[in-house]
Amino acid sequence: MRALLALLAGLVFGAGIALAGMINPAKVLNFFDVAGTWDPSLAFVMGGAIVVTFIGYRLAWRRTAPLLDTRFHLPTAQTIDLRLVGGAAIFGVGWGIAGFCPGGAIPALGLGRVEPLVFVGAMIVGILVARTARNAATRKASLA
Amino acid sequence: MITEFTPLLSFVGGSLIGLAAVLLMLFHGRIAGMTGILTGILPPLAKDWDWRLFFVIGAIAAPAIITAVYGPDTITFQTDIPMVWTIISGLLVGVGVFFASGCTSGHGVCGLSRLSVRSLAATLTFMAATAATVFVIRHVLGGF
Numbered sequence: 001m002r003a004l005l006a007l008l009a010g011l012v013f014g015a016g017i018a019l020a021g022m023i024n025p026a027k028v029l030n031f032f033d034v035a036g037t038w039d040p041s042l043a044f045v046m047g048g049a050i051v052v053t054f055i056g057y058r059l060a061w062r063r064t065a066p067l068l069d070t071r072f073h074l075p076t077a078q079t080i081d082l083r084l085v086g087g088a089a090i091f092g093v094g095w096g097i098a099g100f101c102p103g104g105a106i107p108a109l110g111l112g113r114v115e116p117l118v119f120v121g122a123m124i125v126g127i128l129v130a131r132t133a134r135n136a137a138t139r140k141a142s143l144a
Numbered sequence: 001m002i003t004e005f006t007p008l009l010s011f012v013g014g015s016l017i018g019l020a021a022v023l024l025m026l027f028h029g030r031i032a033g034m035t036g037i038l039t040g041i042l043p044p045l046a047k048d049w050d051w052r053l054f055f056v057i058g059a060i061a062a063p064a065i066i067t068a069v070y071g072p073d074t075i076t077f078q079t080d081i082p083m084v085w086t087i088i089s090g091l092l093v094g095v096g097v098f099f100a101s102g103c104t105s106g107h108g109v110c111g112l113s114r115l116s117v118r119s120l121a122a123t124l125t126f127m128a129a130t131a132a133t134v135f136v137i138r139h140v141l142g143g144f
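In order, the protein sequence lines correspond to chains A and B. Just so we're aligned, residue 1 is where the first sequence starts under the working numbering, counting upward by one. Just so we're aligned, residue 1 is where the second sequence starts under the working numbering, counting upward by one.
Since the hints were derived computationally from the structure, they do not count as laboratory data. Glycine residues also receive a C-beta, built at the ideal position from the N, C-alpha and C atoms. Treat each hint with caution, since some may be false.
[What the hints assert, rightly or not] Not close to chain A: a few residues of chain B, all C-beta gaps over 10 Å, as computed:
| hint | residue |
| --- | --- |
| 1 | Leu45 |
| 2 | Arg52 |
| 3 | Gly71 |
[As the list claims (entries may be wrong)] Some, not all, of what chain B presents toward chain A, calculated at C-beta under 7 Å:
| hint | residue |
| --- | --- |
| 4 | Ser10 |
| 5 | Thr79 |
| 6 | Val84 |
| 7 | Thr86 |
| 8 | Ser89 |
| 9 | Val109 |
| 10 | Thr133 |
| 11 | His139 |
| 12 | Val140 |
| 13 | Leu141 |
| 14 | Gly143 |
[Stated by the list, open to error] Calculated Cβ distances over 10 Å to all of chain B for the following chain A residues:
| hint | residue |
| --- | --- |
| 15 | Ile50 |
| 16 | Thr53 |
| 17 | His73 |
| 18 | Arg83 |
| 19 | Gly96 |
| 20 | Arg113 |
| 21 | Ala141 |
| 22 | Ala144 |
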């Protein structure tokens, strides 16, 4: 049941990304190109997504626990540090180069084209390299 | 590359992304962030890899089903980015979202809907970095 409902949520997510145009790298890049071929559609994507999520989350949180788990797993970190801001800046530079973000590129794999496959492959390498570097730094810090 | 302004379709698609986020919170108590979900199915696997894998499968399957049923032209996909830059972009996005602990879905949709200050800082940072990158590539360097 847990897997089946996650599959359903994934299907809804992928359909939303496709309909919204977030699956189209050129459309995403054009949102940021106010000085050129500007396409403000992405503002409507974020608007629709945040309105539904903002209201839906508050309805879900009226329960003491989710339907298939004993508690809600919400992020607890509070500090705005260099890791967060630096990581976001690096992500932004990468997003601005090709127009793929993780939530857009994963559904794009379903189109059977080579570009999303190449992008996601490189992105996974990036994640694994970053995780290895983080783990090495943590080990070093715990030894010191 | 010109893309069509699609406010209604983008709003509907965005609302579906929001619905997916609400479903995952209501049933699993989880944030629908592609970065976190994907990282959990990379080796070493997270203990709760099962729902993550099924969410990703659903997200990939949705555009595949839509194009199979309604035809390949129903989902627009445009890119003119050289493959080598797609790879560089993927590496940067992977490193960036790992350190930022989230991307457009996790911070931009779920985090802002939770009124998380960390997610607001991350979202403002990556949106600014993306806009600056697009501006430099297209209007300073003259494009690819």
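Outcome of the hint check:
no.: 1; hint: Leu45; in the structure: 13 Å, holds
no.: 2; hint: Arg52; in the structure: 7 Å, violated
no.: 3; hint: Gly71; in the structure: 12 Å, holds
no.: 4; hint: Ser10; in the structure: 4 Å, holds
no.: 5; hint: Thr79; in the structure: 4 Å, holds
no.: 6; hint: Val84; in the structure: 10 Å, violated
no.: 7; hint: Thr86; in the structure: 5 Å, holds
no.: 8; hint: Ser89; in the structure: 4 Å, holds
no.: 9; hint: Val109; in the structure: 5 Å, holds
no.: 10; hint: Thr133; in the structure: 3 Å, holds
no.: 11; hint: His139; in the structure: 6 Å, holds
no.: 12; hint: Val140; in the structure: 11 Å, violated
no.: 13; hint: Leu141; in the structure: 11 Å, violated
no.: 14; hint: Gly143; in the structure: 9 Å, violated
no.: 15; hint: Ile50; in the structure: 5 Å, violated
no.: 16; hint: Thr53; in the structure: 4 Å, violated
no.: 17; hint: His73; in the structure: 5 Å, violated
no.: 18; hint: Arg83; in the structure: 5 Å, violated
no.: 19; hint: Gly96; in the structure: 3 Å, violated
no.: 20; hint: Arg113; in the structure: 6 Å, violated
no.: 21; hint: Ala141; in the structure: 16 Å, holds
no.: 22; hint: Ala144; in the structure: 21 Å, holds
Going through the hint list in order, the structure does not satisfy hints 2, 6, 12, 13, 14, 15, 16, 17, 18, 19, 20.
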